[in-house]
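The residues making up each chain are set out below.
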Amino acid sequence: MSILSAQQLNVSISGNRIVSDASFSVSSGEIVALIGPNGAGKTTLLKAMMGLIKVESGNIYYDSMEIRFNQQYQFARYIAYLEQNSRSYWALSVESIVMLGRLPHLGRWKRPSAEDHQSVRNAMEACDVMQFADRVVTTLSGGEQARVMLARTLATNPHFLLADEPVAGLDPAHQLDVMDKLRDLADSGAGIVVVMHDLTLASRYCDRMTLLFEGRVTADGSSENVLSERHLATAYGIQAVYHDSDHGKFVIPVRRLKE
Amino acid sequence: MNTGISTLLIGLSLAVLIGFLASLSVGPVGIGTWTVLSSIFSGGSDVAVIIAQEIRLPRALLGAAIGATLGISGAAMQGYVRNPLAEPGLIGVSASAALGAVLTIYFGLSTLYIWTLPLGGMIGASVGVMIMVIIAGRGSSTLTLILAGVAVSTLAGALTSLALNLAPNPFAAVEIIFWLLGSLANRSMEHVWLAGPFMLIGIALILFVGKPLDALSLGEDTASTLGINVRRIRMQIIVGVTVSVGAATAVAGAIGFVGLVVPHLLRPLVGHRPSLLLPTSALGGAVLLLFSDVAVRLLSFGPELKLGVFTALVGSPFFLWLVLKLRHQYI
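These protein sequences, in sequence, are chains A and B.
Counting from 1, position 2 in the first sequence corresponds to residue 2 in the numbering used here; the numbering is continuous, with no gaps.
Counting from 1, position 289 in the second sequence corresponds to residue 289 in the numbering used here; the numbering is continuous, with no gaps.
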């Protein structure tokens, strides 16, 4: 049982406070949805937790080990990160992209072993990109590329995965696929943070939710509590209707609240 | 590594060998390959021995080493900035090496000893290296680094122009211009000993960054979450490129286009993987420069055709053709 936590983080970019006094954590086996309106600081919080952005104050811990700015590379085997709109700058094959996910285990010199190839195959199958294995990634559609990038993070077999909008731009079937895959990963013991905007999908798949608004953690806990009328009104300025079904709770934004 | 890549590496290595032998065999004095080869390993003061050991051998060695330097540096820079337009001179080292060398001509130091000019180039290059290392060491972004490189290049270029502008006499001005055009003619073993070690060190440093460059295909943030110490890699690339390209420019002048075109040509053959592009571009650069240097010798009927002029003259139309042919691949 591991825990990845941020304690009272303050992050500013070019003098603007983006994340204020935010404490946040994820444990092995759970999926936490990080939600909030555009510009709430979700991506910044995620990057700060990965040691990719300098924090003004506050600490980030992977169990008892502190993750410092620019030191993330030391945790690469354990914590995977899926950047928002992740893409490849070169016309690499899908398989070689997914194989990059094994880099933390291989280091600079080791050649991929049978085990590495197996992890890559599993990840490609999980994300339904096996049929593209030899295709050049830049020739795929946006949604297909997003699945390739997710497969890359799965190939690492990480203990934690921080995914920034992994279902944005995917069709409904593949959104469900990806969430199922994240669920499987969590059930096999990994802790997952997923930034998303689809509140229904979030409440159906996630064990816990954290609502970020203007850089602060406004609500944290079960989807029931976090997606309350009051929270949705404050953070998003919307009114939603709620519906209980056999498939879980539905949250459908219906109206924008005027000031 | 699959068989295609191995075949490519073997093919390029053979081409380097053929180019090297061709470079040894061509010159104004008609001595054949075998005579040159046997003369290299024999003593004495026979004309053939002197030509082989003191003229042909350094020229061929420098052709191979400088070509390899330019090819691999181009591949490393393109991989690092993730842009096929990058070239070894991008971070200002070629221009500062050229300035150092030009200053020795300007002040009349180049005529004192054969090694003063390349040494001046090396000093110029080291100043350029230090500036870039200080900038990179502060954790600047890639874009800051490139812009700083442009500034350093422009300043060094302006100072070179100033030296031309204020040249004490027309002969010095002509000498500066000819040197700037880039050539391997009349280089000696002193040049090889002076620049060779730096080129080898630089090439070795760059060869070590293959996997990190692959990871950088996904951007710096993702690369560092894949276990890459991006800051250290950046420093290693800058030091490797500046040390090797600085040494190459110091002995041969500015030889354009090899560093840009060779990685570009080979990229599709290695599945666009930056790591595989490093060794192949080193070999490809050596091949291109060795054969170009043979060509300028065969084509020079009047004044010697400068190598730098030839590579750009032949390279540019070919590059344009390649760009147009592959235009649908660019996004």
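Watch out, some of these pointers could steer you wrong.
[Stated by the list, open to error] Derived lysine to aspartate or glutamate pairs resembling EDC-like cross-links, with alpha carbons at most 20 Å apart:
| id | chain 1 | residue 1 | chain 2 | residue 2 |
| --- | --- | --- | --- | --- |
| 1 | A | K249 | A | E30 |
| 2 | A | K54 | B | E220 |
| 3 | A | K54 | B | E175 |
| 4 | A | K181 | A | D63 |
| 5 | A | K249 | A | D177 |
| 6 | A | K54 | A | E30 |
Simulated from the structure, these hints should not be mistaken for lab results.
Model, not experiment: these values are computed from the prediction.
To test your reading of the hints: which numbers does this structure violate?
3, 4, 6
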